[in-house]
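Student: Sequence:
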Amino acid sequence: MSKGKVVIFSAPSGSGKSTLVHFLMEQDPTFGFSVSATSRPPRGEEKHGIDYFFFTPDEFRSRIAADEFVEYEEVYPGRFYGTLKSQVERQLEHQNILFDVDVKGGCNLKRYYGNRALFIFVQAPSIETLRERLVNRGDTLPEEIDKRVSKAEYEMTFAKFADRVIVNDNLADAKRDVMSAVEKFLDE
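For the sequence shown, this note's numbering gives the first residue as 1, with consecutive numbering after it.
The set of hints was computed from the structure by calculation and includes no laboratory data. Since the structure is predicted, the reported quantities are computational estimates derived from the model, not experimental observations. Worth double-checking, as some hints may not be accurate.
Said to hold, decoys possible - Capping the alpha-carbon separation at 30 Å, the derived lysine-lysine pairs in DSS-like fashion look like this:
id	residue 1	residue 2
1	K85	K151
2	K184	K47
3	K175	K160
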């Protein structure tokens with residue numbers, strides 16, 4: 001069987017990326033989902049190899065030194081997130097893979113997989129809309145919203161590196177645009 005393709009979703013917090021990723025997974029359940037690695041401890045019922053691959057910071061650093069990651073980021077001191085090459089290559093042998101990553105990870109994955117990857121950047125129609133969505137969620141403290149909005153302004157500068165930018169102003173339109181972009185890419 002021919003090797004699969006990679007579809008990468010990246011976006012600022014509050015843009016609706018997770019909603020679109022879940023929608024795509026429902027529409028095409030043959031997609032595999034990339035399980036990331038992290039150096040943070042498991043939360044609640046999270047399981048190693050299912051929710052994340054959990055490593056200590058030292059184990060993560062050793063794997064970085066051994067060039068085992070397609071991409072990784074030290075989000076906070078000692079708190080790493082990344083994508084294991086071995087995991088992705090195993091999945092690509094028999095399926096297309098969907099990634100939900102931060103903007104730097106999205107750029108790194110696109111650079112690594114080149115034409116085998118479609119990099120979709122999802123954004124809210126404006127920073128004001130993004131702030132409103134975060135406020136309306138009701139699960140984020142005001143100071144955290146300010147941090148996320150500030151970070152979103154920076155993250156939006158990465159849209160120019162994407163193959164496709166989907167402005168999530170209307171969810172039905174955004175879903176249609178995502179399906180169209182992904183179907184076209186997979187048919188190439």
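Student: Now tell me if each hint is right for this structure.
Tutor: Hint-by-hint comparison with the structure:
1. The straight-line distance between the Cα atoms of K85 and K151 is roughly 28 Å, inside the 30 Å bound, and the hint therefore holds.
2. Our distance criterion of 30 Å between C-alpha atoms is broken by K184 and K47, whose separation comes to about 35 Å.
3. Between K175 and K160 the alpha-carbon distance is near 21 Å, which keeps this suggested pair within the 30 Å criterion.
Violated hint for the displayed structure: number 2, the only one.
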